[in-house]
Structures are given as C-alpha cells and as structure tokens.
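Asker: With the sequences and hints as input, model every part of the structure.
Numbering (the numbering used here), first residue to last: 1 to 246.
Just so you know, the hints here were simulated from the structure itself, not pulled from any lab data.
For every residue, glycine included, the Cβ atom is placed at its ideal position computed from N, Cα and C.
Just to be clear, a hint being listed does not mean it is correct.
Quick list of in silico lysine-lysine cross-link-like pairs, DSBU-like style, CA-CA up to 35 Å [to be verified]:
| # | residue 1 | residue 2 |
| --- | --- | --- |
| 1 | 114 | 87 |
| 2 | 114 | 88 |
| 3 | 215 | 114 |
| 4 | 105 | 213 |
| 5 | 197 | 87 |
| 6 | 194 | 88 |
| 7 | 197 | 229 |
| 8 | 195 | 88 |
| 9 | 221 | 176 |
| 10 | 105 | 88 |
| 11 | 46 | 31 |
| 12 | 221 | 234 |
| 13 | 150 | 88 |
| 14 | 176 | 234 |
| 15 | 33 | 17 |
| 16 | 213 | 235 |
| 17 | 234 | 195 |
| 18 | 197 | 213 |
| 19 | 150 | 87 |
| 20 | 213 | 114 |
| 21 | 14 | 87 |
| 22 | 150 | 213 |
| 23 | 88 | 31 |
| 24 | 14 | 31 |
Label-pair distances were calculated between CB atoms; the ranges are [said to hold, decoys possible]:
| # | residue 1 | residue 2 | range |
| --- | --- | --- | --- |
| 25 | 149 | 124 | 23 to 29 Å |
| 26 | 121 | 233 | 28 to 34 Å |
| 27 | 80 | 52 | 38 to 44 Å |
| 28 | 124 | 21 | 50 to 56 Å |
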Amino acid sequence: MSSRHDLTLEEKIKLIKENECGSSYRELCDKFKLSIGAVSNIIKRKREYISDYEINHNKNVKRKISHDFSQRINESVYEWFVSQRTKKIPVSGPILQAYARQIAKELDDASTFKASNGWLERFRVRYNINFRVISGEGASVDQNIADDWKSRLLTILQDFSPADIYNCDETSLFYKLMPNRSLVIDKDDCIGKKKSKERFTVLLCANWLGTHKLKPIVIGKAARPRCFKNLDLKKLPIVWHNNRTA
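Answerer: As structure tokens, this is what we get:
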C-alpha cells in the first residue's frame, strides 16, 4: 500500500458514499491510501462529516449567490451611470448609492443591501471613476429628460406635506469681490483690477413653506479665523467648518 495521507472533507464524503455503494474497506484503503483503522474511523464518524460538509456547502452556495447579486447591482449601476454621463447629467456619490439601493430592491424586495460608503469606494475603484468638477457648457440637458424628472418629482412629493419638503443648495460668497458696475467719468475709466477669488462656501437649506430655515453651513479655509478669537462658535448664527480647498 502507498504511503498514507490526510483526506480533505470532500474526499472523506466521497469515501463514505463509495462505502455506501458497496466498496469494501480493503478497496477503500487501496484507493485512498489509508489504513484499515483510518477507513473504519471515517465510516464511524460519517454523520459528523456529512453534517460538516452540508454546512460548508450551504455557506459556499450563499457566498456565490451573494457575489452574483452584488455583481448584478454593480453592472446595473454602472450601465445607468454611463447613460447619465452620456447625457451630460452630473452624478454624485449619494445619487449612485440611492440608485444602487433601488436596484437591490428591484432584484430582491427583502434585500438588506446598504450601498455604504465602502461599497461606493470599491465601485469607484473597480470602474475607475473619479470625482471631478463639471465645467463649461459642453452640452445642454435634453428637455425631455428635464420634463420627465419634473413629473417624477411631483409623484415623489405628493405623499409629503409642504412643511416636510426641504431644498438644499450650495453657493459661494466672494466676500472680497468688488462690484462689476460703477459710475465712471469716461469710458477710459472702465478698466478694473484683478478680481479676488477669496470666498466662503455656503450651504443653505429651508422647507418649502419657508417656516423652517436651518442654520447656514459656512466653510472657510481657516479652522478658527482671527476674527473668531473671542467668539463662541456655538453661538454664531451659522455652523462653521473649514477646508483648505473651500
């Protein structure tokens, strides 16, 4: 008999099945290169091995199903993303995540897929997607798309009270920018100075009725500007944040 070796769980299951089909211990010894005692021990513990195999097999099946499900979501989201960018429609990370959750529900209503920030980062890396500022007016948005979105938006909002519908938008405050119009003596006095690009980024949010206005979020470059030296930031009529690229 050849030198003995340890069997994998799958090999043990195969040995057990062959024994149940009529193979003798001696035949199993020769085929699997085991001693009589080792074969006997495997047969005695066959319920244990079969149970372990079924548990592991089910895990592998679930893992494959989960992988296939995630792959279908990724492919659907990427296809949609490409179609939106072809139409020159900006797509942010949160929009991608919301669409991914929608697709997951369509594929399986009981899905607990979260489209987390971790998923978004992996999706972005997988498809080599970068976040960039959209500049210029290379193409106008199709009017049919805009009209379709208006009708969809009304359908979404119809179940909400106007007091519970909020709008949020970002703007820039160029606090050092001089007016671009002025009283002048003659046309030669119309030459101005270089425009300042110093600014604060401001986020404004209020409900439809205007009865609830959230504190504006203002983002500047400094964590604590000099003018804030003796101020309690919590008492300001704004929420202050800083970012060097603000």
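Asker: Confirm or reject each hint.
Answerer: A quick look at each hint next to the structure:
At roughly 27 Å between alpha-carbon atoms, residue 114 and residue 87 fall within 35 Å of each other, so this suggested pair holds. Between the alpha carbons of residue 114 and residue 88 the distance comes to roughly 27 Å, so the proposed pair stays at or under 35 Å and holds. Restraint check for residue 215 and residue 114: the C-alpha separation of about 29 Å stays at or below 35 Å, so the hint holds. For the suggested pair residue 105 and residue 213, the alpha carbons sit about 33 Å apart, so the restraint of at most 35 Å is met.
With a C-alpha separation of about 31 Å, the suggested pair residue 197 and residue 87 falls inside the 35 Å cut-off, and the hint holds. Note on residue 194 and residue 88: the hinted pairing holds, with a Cα-Cα distance of about 32 Å set against a maximum of 35 Å. Taken as a hint, the residue 197 and residue 229 pair is honoured in the structure, with Cα atoms around 24 Å apart against an allowance of 35 Å. Taken as a hint, the residue 195 and residue 88 pair is honoured in the structure, with Cα atoms around 30 Å apart against an allowance of 35 Å.
At roughly 15 Å between alpha-carbon atoms, residue 221 and residue 176 fall within 35 Å of each other, so this suggested pair holds. Taken as a hint, the residue 105 and residue 88 pair is honoured in the structure, with Cα atoms around 27 Å apart against an allowance of 35 Å. Between the alpha carbons of residue 46 and residue 31 the distance comes to roughly 18 Å, so the proposed pair stays at or under 35 Å and holds. With a CA separation close to 18 Å, the supplied pair residue 221 and residue 234 stays within the 35 Å bound.
As the CA atoms of residue 150 and residue 88 are separated by approximately 18 Å, the hinted pair is consistent with the 35 Å bound. Using a Cα cut-off of 35 Å, the hinted pair residue 176 and residue 234 holds, with the two alpha carbons roughly 25 Å apart. Straight-line distance between C-alpha atoms of residue 33 and residue 17 comes to about 17 Å, which keeps the hinted pair within the 35 Å bound. Taking the CA atoms of residue 213 and residue 235, the gap is about 17 Å. The hint holds against a cut of 35 Å.
In summary, the hint linking residue 234 to residue 195 is supported, as the alpha carbons are separated by about 33 Å, within the 35 Å threshold. Taking the CA atoms of residue 197 and residue 213, the gap is about 28 Å. The hint holds against a cut of 35 Å. Pair hint residue 150 plus residue 87 holds up; C-alpha atoms about 17 Å apart against a cutoff of 35 Å. With a C-alpha separation of about 30 Å, the suggested pair residue 213 and residue 114 falls inside the 35 Å cut-off, and the hint holds.
As the CA atoms of residue 14 and residue 87 are separated by approximately 57 Å, the hinted pair breaks the 35 Å bound. The straight-line distance between the Cα atoms of residue 150 and residue 213 is roughly 24 Å, inside the 35 Å bound, and the hint therefore holds. With a CA separation close to 66 Å, the supplied pair residue 88 and residue 31 exceeds the 35 Å bound. Distance restraint check for residue 14 and residue 31: the Cα-Cα separation of roughly 11 Å lies within the 35 Å cut-off, and the hinted pair is therefore satisfied.
As the Cβ distance of residue 149 to residue 124 is approximately 24 Å, the hint placing it in 23 to 29 Å holds. Checked against the hint of 28 to 34 Å, the C-beta distance between residue 121 and residue 233 comes to roughly 31 Å, which is consistent with it. In this structure the hint that residue 80 and residue 52 lie 38 to 44 Å apart at CB holds, the actual value being about 43 Å. The beta-carbon spacing between residue 124 and residue 21, approximately 53 Å, falls within the hinted interval of 50 to 56 Å.
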